[in-house]
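J.: Line order of the protein sequences matches chains A and B.
Mapping of the first sequence onto numbering that gives the first Met the number 0: position 75 corresponds to residue 74, and the numbering continues sequentially without gaps.
Mapping of the second sequence onto numbering that gives the first Met the number 0: position 32 corresponds to residue 31, and the numbering continues sequentially without gaps.
Worth flagging that the hints you see were computed from the coordinates, not collected in a lab.
Glycine included, every Cβ here is placed at the ideal spot set by N, Cα and C.
Among the hints, a few may not be true.
Claimed, not checked - The following label-pair restraints were derived from C-beta to C-beta distances:
1) Arg121(B) x Glu134(A): 45 to 55 Å
2) Gly42(A) x Arg93(B): 46 to 56 Å
3) Asp235(B) x Arg5(A): 26 to 36 Å
4) Thr88(B) x Pro247(A): 51 to 61 Å
As the list claims (entries may be wrong) - Heads up, simulated DMTMM-like pairs for lysine to aspartate or glutamate below, C-alpha to C-alpha not over 20 Å straight-line:
5) Lys185(B) x Asp107(B)
6) Lys63(B) x Glu58(A)
7) Lys1(B) x Glu134(B)
8) Lys185(A) x Asp107(A)
9) Lys185(B) x Asp229(B)
10) Lys63(B) x Asp7(B)
11) Lys63(B) x Asp7(A)
12) Lys185(A) x Asp97(A)
13) Lys4(A) x Glu21(A)
14) Lys63(B) x Glu268(B)
15) Lys63(A) x Asp97(B)
16) Lys185(B) x Glu58(B)
17) Lys63(B) x Glu268(A)
18) Lys63(A) x Asp7(B)
19) Lys63(A) x Glu134(B)
20) Lys4(B) x Glu21(B)
21) Lys4(B) x Glu126(B)
22) Lys4(A) x Glu126(A)
As the list claims (entries may be wrong) - Taking beta-carbon pairs under 10 Å as the criterion, some of the chain B residues facing chain A (in silico):
23) Gln3
24) Arg5
25) His8
26) Ala71
27) Leu73
28) Phe135
29) Tyr260
30) Ser265
2 protein chains.
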Amino acid sequence: MKLQKRADHRCFGGSQQVWSHESEATGCTMRFGLYLPPQAAGGRVPVLWWLSGLTCTEENFITKAGAQRVAAELGLALVTPDTSPRGITIAGDREAWDFGLGAGFYVDATRDPWAQHYRMRRYIVQELRALVQAEFPIDDARTAMSGHSMGGHGALTIALTAPEWVRSASAFAPIASPMRCPWGTKALTGYLGDDQASWAAYDTTALLQSRGWSGPPLLVDQGEADPFVDTQLRPDLLEQACAAAGVPLCLRRQAGYDHSYFFVSSFIEDHLRHHRAHL
Amino acid sequence: MKLQKRADHRCFGGSQQVWSHESEATGCTMRFGLYLPPQAAGGRVPVLWWLSGLTCTEENFITKAGAQRVAAELGLALVTPDTSPRGITIAGDREAWDFGLGAGFYVDATRDPWAQHYRMRRYIVQELRALVQAEFPIDDARTAMSGHSMGGHGALTIALTAPEWVRSASAFAPIASPMRCPWGTKALTGYLGDDQASWAAYDTTALLQSRGWSGPPLLVDQGEADPFVDTQLRPDLLEQACAAAGVPLCLRRQAGYDHSYFFVSSFIEDHLRHHRAHL
Numbered sequence: 000m001k002l003q004k005r006a007d008h009r010c011f012g013g014s015q016q017v018w019s020h021e022s023e024a025t026g027c028t029m030r031f032g033l034y035l036p037p038q039a040a041g042g043r044v045p046v047l048w049w050l051s052g053l054t055c056t057e058e059n060f061i062t063k064a065g066a067q068r069v070a071a072e073l074g075l076a077l078v079t080p081d082t083s084p085r086g087i088t089i090a091g092d093r094e095a096w097d098f099g100l101g102a103g104f105y106v107d108a109t110r111d112p113w114a115q116h117y118r119m120r121r122y123i124v125q126e127l128r129a130l131v132q133a134e135f136p137i138d139d140a141r142t143a144m145s146g147h148s149m150g151g152h153g154a155l156t157i158a159l160t161a162p163e164w165v166r167s168a169s170a171f172a173p174i175a176s177p178m179r180c181p182w183g184t185k186a187l188t189g190y191l192g193d194d195q196a197s198w199a200a201y202d203t204t205a206l207l208q209s210r211g212w213s214g215p216p217l218l219v220d221q222g223e224a225d226p227f228v229d230t231q232l233r234p235d236l237l238e239q240a241c242a243a244a245g246v247p248l249c250l251r252r253q254a255g256y257d258h259s260y261f262f263v264s265s266f267i268e269d270h271l272r273h274h275r276a277h278l
Numbered sequence: 000m001k002l003q004k005r006a007d008h009r010c011f012g013g014s015q016q017v018w019s020h021e022s023e024a025t026g027c028t029m030r031f032g033l034y035l036p037p038q039a040a041g042g043r044v045p046v047l048w049w050l051s052g053l054t055c056t057e058e059n060f061i062t063k064a065g066a067q068r069v070a071a072e073l074g075l076a077l078v079t080p081d082t083s084p085r086g087i088t089i090a091g092d093r094e095a096w097d098f099g100l101g102a103g104f105y106v107d108a109t110r111d112p113w114a115q116h117y118r119m120r121r122y123i124v125q126e127l128r129a130l131v132q133a134e135f136p137i138d139d140a141r142t143a144m145s146g147h148s149m150g151g152h153g154a155l156t157i158a159l160t161a162p163e164w165v166r167s168a169s170a171f172a173p174i175a176s177p178m179r180c181p182w183g184t185k186a187l188t189g190y191l192g193d194d195q196a197s198w199a200a201y202d203t204t205a206l207l208q209s210r211g212w213s214g215p216p217l218l219v220d221q222g223e224a225d226p227f228v229d230t231q232l233r234p235d236l237l238e239q240a241c242a243a244a245g246v247p248l249c250l251r252r253q254a255g256y257d258h259s260y261f262f263v264s265s266f267i268e269d270h271l272r273h274h275r276a277h278l
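Please model the complete structure; the sequences and the hints are all you need to start from.
T.: Here it is in structure tokens:
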């Protein structure tokens, strides 16, 4: 694993760290952020995983969301993975901001040339999960997951496919149905190919139908001034799918808010408190 | 003035904006951040000016400090100027990160080739102050000032030289005496020349001696793991100067904290509450 500490900053009495390690799942060196609250000095603490959106690295949430304050109060660790493999070059991986680098979409690619490295689902659900549990004072049995945009899609799809691991899930402006929006169809075609049957494992609305969700209500915030809401994010599809599957959804449409971290930071406290209450 | 809005994000019920304008003081287009809390919709609100440190622009504090949450609660506007002229080129202005671009040191340069543009003191105290008062719902009579590192030096020196404007002042890891540290002597020599008599107007410890301070206690946070504390920042000199001048100082040495915005964000709430209580 060769875990290396890249940064360590005291923050709200805890410690905001960045680590790197050699990843088997992605075949490259990956970085992730880890916030350990003060309570971690006394034993294992529950954890919120945060999956970031297009173009992000592990840094965006760490520096912009202001989550450490509440995490320190609640005794919650924060794990923030990167959004794609890094340090490798694949033809076409940096031609667009919505595909390739910074745009792994939390899928396991099956199509060449992506299949060798773009295995972000496996990276998170198997490799990084095990690493974090083994190396840090984190209670894997009390795991929540959230994310933003592409990362909201990632958080919801991982929770729905691994409910034995993720006990509570939420999202900010998630891509509700990648099978039915331009960002998603581009990514799923590129990483998985044209067979849409293989896409359903990565589509929140399809997973709600096929698997349901018996955890606590899904908390979703969506800015009403978000420029992507009608074309890419489609909270209406999420609402329909939850209603059809009988899954409780707390969808809050926030007037005036856009797609930025100014939106995320405004409501992150509610998400942390929601998760902590269910962990 | 040609004030142009460059960004506007809803944040904690208020609005985080970025504006640009043609500056007479610096002879170039300048940007500044403005957070208007929800209370600004109902009339003029008190304001905290934040002066940033070396290498920063108006963006760092906006995205990293997490101050909007408390500002929204307290009804406090936040004004965040840039740290130097921009969009011009002067030989030597980008050879070092501690001089020139991003390193205006909040002085009015008198030495060529800097004197024409590097007039950040005048820019803030006269031009931007008047602009903000004229164009936004801000109560100039209730102004506080804070800043980080070079910006902590800026906040304290401006408060000490303009106490009729700045009613409360604080700082994070300020450069206490630029006349007596490498960053400061380099900048003051470059912008003002070798005559140290001209430097004293930009040295907090000298100003404490010559002018004193009759406002509320100066609140200063200093991380004990800050790598610059002993060579550049010298809180000991600030303590001595305040004691000699009979100026109340609340200097908090924070164990384990470094020089980053993780440190600033951990304590910014205390500063906002301190200032609000005195405005």
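J.: If a hint holds in the structure, say so; if it does not, say that too.
T.: Structure-based check of all given hints:
1. Arg121(B) x Glu134(A): 45 to 55 Å: Hint holds: Cβ distance 54 Å, inside 45 to 55 Å.
2. Gly42(A) x Arg93(B): 46 to 56 Å: holds, 49 Å
3. Asp235(B) x Arg5(A): 26 to 36 Å: At 32 Å between Cβs, range holds.
4. Thr88(B) x Pro247(A): 51 to 61 Å: holds, 59 Å
5. Lys185(B) x Asp107(B): Status holds; Cα separation ~15 Å.
6. Lys63(B) x Glu58(A): holds, 11 Å
7. Lys1(B) x Glu134(B): holds, 11 Å
8. Lys185(A) x Asp107(A): holds, 15 Å
9. Lys185(B) x Asp229(B): With a Cα-Cα distance of about 17 Å, the restraint between Lys185(B) and Asp229(B) holds, given a limit of 20 Å.
10. Lys63(B) x Asp7(B): Judged against 20 Å, a Cα distance of about 17 Å means the pair holds.
11. Lys63(B) x Asp7(A): Within the cut-off at roughly 16 Å; holds.
12. Lys185(A) x Asp97(A): Cα-Cα ~8 Å, so holds.
13. Lys4(A) x Glu21(A): holds, 13 Å
14. Lys63(B) x Glu268(B): holds, 13 Å
15. Lys63(A) x Asp97(B): violated, 25 Å
16. Lys185(B) x Glu58(B): Given that 20 Å is the threshold and the Cα spacing comes to 25 Å, the pair is violated.
17. Lys63(B) x Glu268(A): holds, 16 Å
18. Lys63(A) x Asp7(B): holds, 16 Å
19. Lys63(A) x Glu134(B): This hinted pair is violated, its Cα atoms lying about 28 Å apart.
20. Lys4(B) x Glu21(B): holds, 13 Å
21. Lys4(B) x Glu126(B): holds, 18 Å
22. Lys4(A) x Glu126(A): holds, 18 Å
23. Gln3: violated, 19 Å
24. Arg5: violated, 14 Å
25. His8: With a closest approach of 4 Å, the His8(B) hint holds.
26. Ala71: holds, 9 Å
27. Leu73: Check failed: Cβ of Leu73(B) comes no nearer than 16 Å to chain A, outside 10 Å.
28. Phe135: It is violated, given that the least Cβ distance between Phe135(B) and chain A is near 18 Å, above 10 Å.
29. Tyr260: Holds. Min distance 7 Å.
30. Ser265: Interface hint status for Ser265(B): holds (5 Å vs cutoff 10 Å).
When each numbered hint is compared with the structure, violations occur for hints 15, 16, 19, 23, 24, 27 and 28.
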